[in-house]
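Using the sequences and the accompanying hints, generate a full structural model.
These protein sequence lines map, in sequence, to chains P and D. Just so you know, we're using our numbering here: the first sequence kicks off at 1 and counts up by one. Just so you know, we're using our numbering here: the second sequence kicks off at 389 and counts up by one.
Warning: the hint list may mix true and false statements.
[As the list claims (entries may be wrong)] From the derived model, a few chain D residues whose C-beta atoms are all more than 12 Å from chain P:
hint, residue
1, SER391
2, PRO397
3, VAL399
4, SER404
5, THR446
6, LEU474
7, PHE483
8, MET492
9, GLU493
10, ALA507
11, VAL522
12, GLY530
13, TRP537
14, LYS538
15, GLN542
[Unchecked claim] Cβ-Cβ distance ranges computed for the label pairs, FRET-style:
hint, chain 1, residue 1, chain 2, residue 2, range
16, D, ALA407, P, PHE242, 31 to 41 Å
17, P, LEU117, D, GLN534, 44 to 54 Å
18, D, CYS464, P, LYS219, 46 to 56 Å
19, D, ILE529, P, ILE63, 20 to 30 Å
Since the hints were made in silico from the structure, they are not lab data. Virtual Cβ for every residue (Gly too), placed ideally from N, Cα, C.
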Amino acid sequence: MSREVAIIGVGYTGFRALTPDVSYKELMYEAAVKAYDDAGVDPRSDIESFVTVAEDFTEGTSIFDEYVPDQLGAVLKPVHTIAGDGLHGFIAAYMQILTGALDIVAVEAHSKASNILTPQHIMAYAMDPVFNRPLGANPHFIAGLEMNLFLSETGTTREQCARVVAKNRRHALYNPCAAFGATIEPEDVLASDTVAWPLARLDISPHADGAIVVVLASKQRAEELCDLPVWVTGAGWCNDSFSLENRDWSSAVYAAKAGEMAYRMAGIRSPWQELDFAEVDDTFSYKELQHMEALRLCRPGEAGVLVEEGVTELGGDFPINTSGGSLGMGNLLDASGLARLLEVILQLRGEAGQRQIPDVTTGMAFGWRGLPTTSGAAVILSNGYEEV
Amino acid sequence: MSSKIKEYPGVALHESDFAEKKVLYTTWEPNARYAWDTGVAIGRYLAELKRGHIVGTTCHACRRIVVPPRVFCEWCFRPMDEWVYLQDQGVVNTFSLCHVRWDMERVKEPLIPAVIEIAGASKGMGILHLLGEVDPTEVHIGLQVQAVWKPARQRTGAITDIRYFKPSN
Ligand SMILES: [Zn+2]
Numbered sequence: 001m002s003r004e005v006a007i008i009g010v011g012y013t014g015f016r017a018l019t020p021d022v023s024y025k026e027l028m029y030e031a032a033v034k035a036y037d038d039a040g041v042d043p044r045s046d047i048e049s050f051v052t053v054a055e056d057f058t059e060g061t062s063i064f065d066e067y068v069p070d071q072l073g074a075v076l077k078p079v080h081t082i083a084g085d086g087l088h089g090f091i092a093a094y095m096q097i098l099t100g101a102l103d104i105v106a107v108e109a110h111s112k113a114s115n116i117l118t119p120q121h122i123m124a125y126a127m128d129p130v131f132n133r134p135l136g137a138n139p140h141f142i143a144g145l146e147m148n149l150f151l152s153e154t155g156t157t158r159e160q161c162a163r164v165v166a167k168n169r170r171h172a173l174y175n176p177c178a179a180f181g182a183t184i185e186p187e188d189v190l191a192s193d194t195v196a197w198p199l200a201r202l203d204i205s206p207h208a209d210g211a212i213v214v215v216l217a218s219k220q221r222a223e224e225l226c227d228l229p230v231w232v233t234g235a236g237w238c239n240d241s242f243s244l245e246n247r248d249w250s251s252a253v254y255a256a257k258a259g260e261m262a263y264r265m266a267g268i269r270s271p272w273q274e275l276d277f278a279e280v281d282d283t284f285s286y287k288e289l290q291h292m293e294a295l296r297l298c299r300p301g302e303a304g305v306l307v308e309e310g311v312t313e314l315g316g317d318f319p320i321n322t323s324g325g326s327l328g329m330g331n332l333l334d335a336s337g338l339a340r341l342l343e344v345i346l347q348l349r350g351e352a353g354q355r356q357i358p359d360v361t362t363g364m365a366f367g368w369r370g371l372p373t374t375s376g377a378a379v380i381l382s383n384g385y386e387e388v
Numbered sequence: 389m390s391s392k393i394k395e396y397p398g399v400a401l402h403e404s405d406f407a408e409k410k411v412l413y414t415t416w417e418p419n420a421r422y423a424w425d426t427g428v429a430i431g432r433y434l435a436e437l438k439r440g441h442i443v444g445t446t447c448h449a450c451r452r453i454v455v456p457p458r459v460f461c462e463w464c465f466r467p468m469d470e471w472v473y474l475q476d477q478g479v480v481n482t483f484s485l486c487h488v489r490w491d492m493e494r495v496k497e498p499l500i501p502a503v504i505e506i507a508g509a510s511k512g513m514g515i516l517h518l519l520g521e522v523d524p525t526e527v528h529i530g531l532q533v534q535a536v537w538k539p540a541r542q543r544t545g546a547i548t549d550i551r552y553f554k555p556s557n
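Below, the structure is given as structure tokens:
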């Protein structure tokens with residue numbers, strides 16, 4: 001690889017179902033102040049470029065990128081906004097440093113989902129206006145279609161999906177900033193109302209508000225500034241065909257391809273053995289299992305059994321979503337992927353508190369852009385410690 | 389060039405062709421609604437407007453008094469230090485005479501949007517509003533103006549609690 005890049009700082013605020021006390025700008029400011037302090041940088045003099053991630057439709061303001069510089073310390077600096085998952089923004093910032101033109105870049109993503117009064121309609125806007133929207137169904141049916149074929153083809157059960165919910169919401173109890181920690185049983189999930197069969201209400205991650213800022217630096221600057229740099233060793237992203245008429249409904253091909261790209265860069269052949277843990281998109285319960293299989297964290301059809309056996313819970317052989325995932329922390333819209341990355345960073349720095357996994361050196365974050373997309377991104381991080 | 393062309397090929401479309409769906413198209417009625425949390429800075433700004441005051445914040449580092457207020461200084465990237473009451477008058481920084489409505493229909497009396505530098509705030513710090521009770525031909529950069537407020541009981545905590553700014557006497 002041409003140039004090594006590290007994460008030197010991270011800041012976050014939230015994550016709550018409602019944040020009426022702050023505007024989105026004040027929310028972003030708080031996360032940015034914390035990230036810059038953590039990195040030991042002054043945004044006005046040290047940070048050379050800023051990447052933000054936002055979708056105009058979820059903000060309710062078009063050309064939203066114009067609204068971000070003030071609260072990030074980015075006035076009169078290079079700034080651009082990406083419409084994608086938080087990890088797409090992170091990879092864009094990473095690539096800016098790879099060019100060699102820049103040494104310190106910040107990336108931001110946030111959610112003010114509570115301010116959207118018609119979220120189901122905003123989601124429907126992502127559907128094709130000619131082929132799909134006139135049918136008039138709530139877009140959650142797309143998750144229903146996908147879950148149905150995934151369960152049918154892999155032999156995974158609704159009970160196993162429900163166990164993902166119970167696991168992640170329990171993990172969230174150990175994460176002080178998670179919004180939806182709870183002790184619930186798989187039976188509670190199965191008993192919740194059907195939203196789009198086989199998907200039930202508790203299979204769906206509820207929305208939350210929050211903001212995350214990550215500061216990246218070139219090797220030289222990272223080593224000057226930071227005692228505990230977390231290295232980016234792999235990155236990949238991929239989009240499948242969007243079409244609801246003929247996409248692959250069973251396996252998440254976008255995740256498989258994004259993962260392969262990141263593994264190749266990181267020199268990883270056997271992800272299950274070479275990674276210590278992962279944070280994997282779980283916008284819906286079955287998505288965690290589907291993404292695990294696509295990312296080769298287990299064999300096809302095996303993910304449900306692993307969650308049943310407790311392999312993926314805290315204390316298991318391969319913990320997944322120790323943060324609580326989206327099910328436990330909340331669906332943070334475009335910031336969801338950065339929330340997955342945040343947990344990987346905290347685990348690799350040994351700062352995950354009660355949910356710290358001992359002796360970890362390498363972890364992966366995988367983000368999905370949500371319904372109705374087939375858009376995913378994977379990032380592999382390492383703290384550079386020797387495996388014990 | 390075009391003057392040499394006597395006849396254009398193709399079929400002309402009439403509005404009725406669309407109404408009768410001879411030309412196929414799909415429509416969608418938007419349902420995008422939001423309620424933005426005002427937070428600390430905008431929240432107090434609006435609350436003060438309701439009380440008939442314009443309020444700003446001060447940064448001790450760059451010694452600016454800014455309006456509308458924010459809780460952080462975008463230049464210094466530090467928290468603001470103090471809230472300060474400003475006067476409900478100022479100077480026109482720039483203005484325009486807007487002769488069209490939203491549908492681009494022409495109007496006789498133009499709207500006069502203006503940036504008004506508020507007295508008491510730093511140079512260049514202004515709020516965007518409309519001018520009223522003024523002949524459009526008399527408006528000029530540097531014009532002294534003052535706020536015309538709605539009656540207190542009609543105020544809702546919105547920028548429209550000020551109806552417009554008019555020339556100072
Ligand atoms: Zn200042």
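Status of the hints after comparison with the structure:
no. : hint                               : verdict
1   : SER391                             : holds, 40 Å
2   : PRO397                             : holds, 28 Å
3   : VAL399                             : holds, 23 Å
4   : SER404                             : holds, 23 Å
5   : THR446                             : holds, 16 Å
6   : LEU474                             : holds, 20 Å
7   : PHE483                             : holds, 22 Å
8   : MET492                             : holds, 19 Å
9   : GLU493                             : holds, 23 Å
10  : ALA507                             : holds, 24 Å
11  : VAL522                             : holds, 31 Å
12  : GLY530                             : holds, 27 Å
13  : TRP537                             : holds, 25 Å
14  : LYS538                             : holds, 24 Å
15  : GLN542                             : holds, 25 Å
16  : D:ALA407 with P:PHE242: 31 to 41 Å : holds, 32 Å
17  : P:LEU117 with D:GLN534: 44 to 54 Å : violated, 37 Å
18  : D:CYS464 with P:LYS219: 46 to 56 Å : violated, 30 Å
19  : D:ILE529 with P:ILE63: 20 to 30 Å  : holds, 28 Å
Hint compliance for this structure: hints 17, 18 are broken, all remaining hints hold.
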